[in-house]
Amino acid sequence: MNINRTTKKIAIAAIIAAIYAALTVAVAPLSYGVMQLRISEAMTILPAFTPMAIPGLFIGAAISNVLSPVGIIDVILGSGASLIAAGLSYLLRDKKWLVPLPPVIVNALVIGPMLYYYYGVDFSLIACILWVGLGQLAVCYGAGIPLMKILEKYRNYFED
Amino acid sequence: MIRDITLGQYYDVNSVIHRADPRVKIISTLLFITELFIVDDFKGLGICALALAAVVTLSKVPLGFILRGMKPILFILTFTFVLNIFMTDGEVLLKLWFLKITKEGRYLAGFMASRLILLIVGSSLLTFTTKPINLTDGIEKLLAPLKVFKVPTHEIAMMMSIALRFIPTLIEETDKIMKAQQARGADFESGNIIQRGKALIPILVPLFISAFQIAQDLAMAMEARCYRGGKGRTRMHEMTLSYMDFLGLILSLMFLALIIFERIYL
Chain U
4 MNINRTTKKI AIAAIIAAIY AALTVAVAPL SYGVMQLRIS EAMTILPAFT
54 PMAIPGLFIG AAISNVLSPV GIIDVILGSG ASLIAAGLSY LLRDKKWLVP
104 LPPVIVNALV IGPMLYYYYG VDFSLIACIL WVGLGQLAVC YGAGIPLMKI
154 LEKYRNYFED
Chain E
57 MIRDITLGQY YDVNSVIHRA DPRVKIISTL LFITELFIVD DFKGLGICAL
107 ALAAVVTLSK VPLGFILRGM KPILFILTFT FVLNIFMTDG EVLLKLWFLK
157 ITKEGRYLAG FMASRLILLI VGSSLLTFTT KPINLTDGIE KLLAPLKVFK
207 VPTHEIAMMM SIALRFIPTL IEETDKIMKA QQARGADFES GNIIQRGKAL
257 IPILVPLFIS AFQIAQDLAM AMEARCYRGG KGRTRMHEMT LSYMDFLGLI
307 LSLMFLALII FERIYL
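Protein sequences appear in the order of chains U and E.
My numbering numbers the first residue of the first sequence as 4 and each following residue consecutively.
My numbering numbers the first residue of the second sequence as 57 and each following residue consecutively.
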């Protein structure tokens with residue numbers, strides 16, 4: 004049976020979103036707040052395998068952020084950051100070592116200031132940015148790169 | 057690591073807030089959050105707190121349930137409070153060793169902590185009173201104007217509702233994989249952060265493979281039920297705005313005006 008490509012694309016994106024949300028919520032409260040450590044961010048390497056990971060990660064982040072203490076602001080800004088980062092990762096998909104870089108930089112620059120202003124901490128804005136960046140670096144490169152290397156063997160599953 | 061998670065923490069009770077249109081609730085929540093950032097003193101926060109208390113009472117969600125939802129942020133609340141009280145410059149009230157508590161610090165810490173509590177209770181009320189599926193319907197309708205800019209709002213909403221439906225399934229799948237790997241000698245409990253990170257790979261890879269098979273089956277099921285996308289698609293319960301919804305919206309806007317007035321003149 005020939006499955007319509009759009010239906011399959013929607014299904015793949017939705018499932019990626021579901022995995023991201025499930026993994027984020029499973030490690031709450033570590034996933035939220037100034038000291039974020041979201042293991043689901045390891046999935047930010049997926050745009051190197053399929054462009055459907057872009058809406059997938061965006062929606063996964065949106066669902067996870069609905070539960071965030073920051074609430075609806077995180078849904079807009081946090082998910083927006085994930086969308087931009089996923090798009091950039093997709094564009095860098097041929098340069099393996101640069102794929103996890105956009106989520107580190109974009110999230111640090113968007114979520115850092117968001118947390119700084121939301122929590123109103125009279126702390127350095129730079130510190131907030133660096134802190135988020137560090138958390139992202141640990142997960143995106145620490146778990147993302149090995150994950151990417153292993154998933155290479157299964158690349159055919161992602162092909163349309 | 058895997059727990060029984062009720063996503064969204066919906067509290068099932070029949071109240072006027074629960075029955076309200078999700079679009080009105082989303083807009084009102086966004087307005088409330090904006091208002092909390094407009095106010096700059098305890099007077100303003102007090103007015104917001106009173107309004108929130110009224111809405112909480114109307115929602116029939118028990119206070120105990122709401123307070124339990126605050127537990128995850130207790131740490132960040134204390135951290136923010138302590139940081140503000142000790143790191144603000146100004147007129148010193150108390151000196152403890154090398155740490156100083158200032159008048160300004162005390163005010164700021166109190167203000168920020170109170171605002172944070174109101175922000176979280178306000179935002180949580182949205183998920184307490186709105187089922188996730190209604191939330192996504194509301195978001196889809198609110199994003200509809202973006203269709204003019206060729207944004208695929210229907211597809212996004214569809215992905216969101218499918219994702220919500222599959223989260224429990226995937227959690228179960230992850231649990232199965234973890235147990236299967238543990239039966240084969242995998243260890244997820246011990247080790248430092250790097251070892252635990254590496255230990256995730258035997259879970260994530262089978263999870264992705266399994267998930268893609270699910271996606272394949274899902275696409276086939278959708279096609280078999282004649283899913284053709286958003287064109288001409290209707291729903292079982294069409295969202296309509298009632299008089300109460302309009303009233304709620306007007307009250308929200310009036311409250312916004314009140315807060316702006318308070319900020320400027322009082």
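Do not rely on the hints blindly, as some may be mistaken.
To be verified - Pairwise CB distance ranges (calculated):
1. Ala280(E) <-> Tyr157(U): 45 to 55 Å
2. Tyr299(E) <-> Leu137(U): 45 to 55 Å
3. Lys206(E) <-> Arg8(U): 15 to 25 Å
4. Ile148(U) <-> Asp96(E): 41 to 51 Å
5. Leu137(U) <-> Lys99(E): 58 to 68 Å
6. Phe205(E) <-> Lys152(U): 19 to 29 Å
7. Met310(E) <-> Thr9(U): 12 to 22 Å
8. Phe135(E) <-> Asn159(U): 44 to 54 Å
9. Ser170(E) <-> Ile148(U): 37 to 47 Å
Keep in mind the hints are simulated off the structure, nothing from the lab.
Yeah, the Cβ is synthetic: ideal placement off N, Cα and C, and Gly gets one too.
| Looking back at the hints listed earlier, which ones does the structure fail to meet? | Of the numbered hints, 1, 5, 6, 7 do not hold.
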